[in-house]
Amino acid sequence: MSSERSTDLAPQMKPGNIAALPETRRVVALRHPGRWASAVVVIGFLLWFANVLVTTEAFEWDVVSSYLFNPLVLNGVLQTLEMTAIVLVIGMVAGTIIAIMRLSPNVVLHSVAHFYQWFFRGTPPLVQLIFWFNLASVFPRFELTLFDHTFFSISTNTIMTPFVSALLGLGLPLSAYYSEIVRAGILAVDEGQWEAASAYALTPFQTLRHIVLPQAMRVIIPPTGNEAIGTLKFTSLATIVSFTELLHTVSTIYNTNFQTIPLLIVAALWYLFLTSVLSIGQYFLEQRFAKGSKRAVKQPLISKFWSNVLGQVKTA
Amino acid sequence: MTVMVSADRIRKSYGRLPVLNGVSLEIKAGEVCCLLGPSGAGKSTFLRCVNHLESVDGGQLIVDGEIIGYRERAGKLFEMRGQDIARQRASIGMVFQHFNLYPHMTAEQNVSLAQVAVHKKGKAEARFRSRELLERVGLGSKAGKYPRQLSGGEQQRVAIARALAISPKLILFDEPTSALDPELVGEVLETIRAVAAEGITMMVVTHEIGFAREVADRVVFMDGGVVVEQGPPSQVLDAPAHPRTRAFLERVL
Numbered sequence: 001m002s003s004e005r006s007t008d009l010a011p012q013m014k015p016g017n018i019a020a021l022p023e024t025r026r027v028v029a030l031r032h033p034g035r036w037a038s039a040v041v042v043i044g045f046l047l048w049f050a051n052v053l054v055t056t057e058a059f060e061w062d063v064v065s066s067y068l069f070n071p072l073v074l075n076g077v078l079q080t081l082e083m084t085a086i087v088l089v090i091g092m093v094a095g096t097i098i099a100i101m102r103l104s105p106n107v108v109l110h111s112v113a114h115f116y117q118w119f120f121r122g123t124p125p126l127v128q129l130i131f132w133f134n135l136a137s138v139f140p141r142f143e144l145t146l147f148d149h150t151f152f153s154i155s156t157n158t159i160m161t162p163f164v165s166a167l168l169g170l171g172l173p174l175s176a177y178y179s180e181i182v183r184a185g186i187l188a189v190d191e192g193q194w195e196a197a198s199a200y201a202l203t204p205f206q207t208l209r210h211i212v213l214p215q216a217m218r219v220i221i222p223p224t225g226n227e228a229i230g231t232l233k234f235t236s237l238a239t240i241v242s243f244t245e246l247l248h249t250v251s252t253i254y255n256t257n258f259q260t261i262p263l264l265i266v267a268a269l270w271y272l273f274l275t276s277v278l279s280i281g282q283y284f285l286e287q288r289f290a291k292g293s294k295r296a297v298k299q300p301l302i303s304k305f306w307s308n309v310l311g312q313v314k315t316a
Numbered sequence: 001m002t003v004m005v006s007a008d009r010i011r012k013s014y015g016r017l018p019v020l021n022g023v024s025l026e027i028k029a030g031e032v033c034c035l036l037g038p039s040g041a042g043k044s045t046f047l048r049c050v051n052h053l054e055s056v057d058g059g060q061l062i063v064d065g066e067i068i069g070y071r072e073r074a075g076k077l078f079e080m081r082g083q084d085i086a087r088q089r090a091s092i093g094m095v096f097q098h099f100n101l102y103p104h105m106t107a108e109q110n111v112s113l114a115q116v117a118v119h120k121k122g123k124a125e126a127r128f129r130s131r132e133l134l135e136r137v138g139l140g141s142k143a144g145k146y147p148r149q150l151s152g153g154e155q156q157r158v159a160i161a162r163a164l165a166i167s168p169k170l171i172l173f174d175e176p177t178s179a180l181d182p183e184l185v186g187e188v189l190e191t192i193r194a195v196a197a198e199g200i201t202m203m204v205v206t207h208e209i210g211f212a213r214e215v216a217d218r219v220v221f222m223d224g225g226v227v228v229e230q231g232p233p234s235q236v237l238d239a240p241a242h243p244r245t246r247a248f249l250e251r252v253l
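Residue numbers (this note's numbering), protein chains in the order written: chain A, 1 to 316; chain B, 1 to 253.
Honestly, the hints are just simulated from the structure, not real lab data.
Check before you lean on any hint, since a few could be wrong.
What the hints assert, rightly or not - FRET-style restraints, in silico, Cβ to Cβ: (1) A:F273 with B:S55: 52 to 58 Å; (2) B:G82 with A:I159: 36 to 42 Å; (3) A:L109 with B:Q149: 35 to 41 Å; (4) B:D57 with A:T150: 54 to 60 Å; (5) A:F205 with B:E132: 26 to 32 Å; (6) B:D84 with A:V89: 34 to 40 Å; (7) A:V138 with B:Q149: 56 to 62 Å; (8) A:R288 with B:E72: 29 to 35 Å.
As the list claims (entries may be wrong) - Keeping only pairs whose Cα atoms sit at most 20 Å apart, straight-line, the calculated PhoX-like set for lysine-lysine is: (9) B:K169 with B:K121; (10) B:K76 with B:K120; (11) B:K123 with B:K145; (12) B:K145 with A:K291; (13) B:K123 with B:K28; (14) A:K291 with B:K142.
To be verified - A partial selection of chain A residues facing chain B, derived with a Cβ cut-off under 7 Å: (15) G192; (16) A196; (17) K291; (18) G292.
C-beta: ideal position from N, C-alpha, C; glycine also.
Assemble the whole structure, with the sequences as input and the hints as a guide.
Structure follows, in structure tokens:
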């Protein structure tokens, strides 16, 4: 095809000035010696680092591998995953409700949502977690009493298990953060979309469901991926209330056998594996909501994966 | 001929800035009415009052016998609830200056949405009608394209198909060609012309004097939030009675 074209063009080109130029002149692209030099330096560091990893005995890689699939550790991984999933659901559902309340023209709803964000975003999750766990010292029992008849009465400590206090301590701050993500996503949708939907008699709920949220999702998903990864890591805070998630499990083990570093490596490897799986999930979600977008061009999964995991943007 | 739209001394201001200072107008069923006038004259605001995208501060608007957006009780007008306004809007189509197509949906889904979500048609039926309408605006082959993959003119023709899909008794056009490249204006005007020929009542805010002359049954010239002059195009455009109309036409022609 291209050779045909060039023979077509050749007769037209010959009479012009081009014919007067020497027939072949080599084209040399700009060279980048700096790139080569920096790559060599970085590779040098990587080799040195790999050497340290392998030769430092304190890492005790054999201990790491013997505990990696230990049933107790696997149970910890499962608990961590379960906690992450429930906290994410709480955070996203409550966050979406708070976001819609903040966008409401009703001053009361708006202010309450604002206060909620201010409080739960402004106090550290660890403090909240410990607070919920110690709720019994504020309210020892939950009771419902009407006309001298007690319908139910339950000890706070029965409700506020380590699991529940961790759910609240992690879920509520997440919902406060997440509400801002959702609000940003909704605000990013062009106002003309609300107008068109309303001119075509869609109800506010239909407008959110069919028009606004699908478009907001494109803005919402990347920070959601961040929050999901953050939540997975923050579940390790629940170790403070003795919830048997991953970190708590490995610390129980190293408190008896004193193999602290190898067991922390076991935990770190599992956290890395789980966050990587979440990154891949994010990639597929983004593809799903990129419909109709100019940038819906598929980025190769592997490069997307690395850019998520390493946090660096790889270009082509 | 029955009256489709009747506006009686409509007033509207944004804060302290008055935009409509008593607009009165009557449009008969099947009429094509073009609203002309300098920018800031209140044409678009008035158009948006007709389907209650804007609330009014005074006066009343009746479309097909019903007061739009308000209910009369004990001599007062009470603003309607959302679902009642939605019921009124369900038979009024609207075409926007910036198209406002749903970018995450294909052309066909854009045309189908209100049919399914509001008019409770079956998906297959809506799909069939959407194809038919896209065919009619000359985009039969683009049904599966997303708005971003279409030219401005094509997007606006999809928007016109979307308006037709709800079988409207009235279509409002808010400067439908103002956001288009000059070479794309023709195809959109051609499509609007074809719709006009079918006898649907239309209100068109436009700057295309030639189009108004050719298609409009009535031309309304607005300035300063009031109707300055109205009548058939031959009268308003060729022999304007009011000096403001004359001055405007001299500037744009």
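Hint check:
1. A:F273 with B:S55: 52 to 58 Å: With a Cβ separation near 57 Å, F273 (chain A) and S55 (chain B) satisfy 52 to 58 Å, so the hint holds.
2. B:G82 with A:I159: 36 to 42 Å: At 40 Å between Cβs, range holds.
3. A:L109 with B:Q149: 35 to 41 Å: holds, 40 Å
4. B:D57 with A:T150: 54 to 60 Å: holds, 58 Å
5. A:F205 with B:E132: 26 to 32 Å: holds, 29 Å
6. B:D84 with A:V89: 34 to 40 Å: At 36 Å between Cβs, range holds.
7. A:V138 with B:Q149: 56 to 62 Å: Given a distance of about 60 Å, which is inside 56 to 62 Å, the answer is holds.
8. A:R288 with B:E72: 29 to 35 Å: violated, 49 Å
9. B:K169 with B:K121: Holds: K169 (chain B) and K121 (chain B) sit about 18 Å apart, inside 20 Å.
10. B:K76 with B:K120: With a Cα-Cα distance of about 34 Å, the restraint between K76 (chain B) and K120 (chain B) is violated, given a limit of 20 Å.
11. B:K123 with B:K145: Within the cut-off at roughly 19 Å; holds.
12. B:K145 with A:K291: With Cα atoms ~11 Å apart, K145 (chain B) and K291 (chain A) stay inside 20 Å; holds.
13. B:K123 with B:K28: violated, 34 Å
14. A:K291 with B:K142: holds, 16 Å
15. G192: holds, 4 Å
16. A196: Holds, about 4 Å.
17. K291: holds, 5 Å
18. G292: Given a least distance of 4 Å, the restraint on G292 (chain A) holds.
Hint compliance for this structure: hints 8, 10, 13 are not met, and every other hint is.
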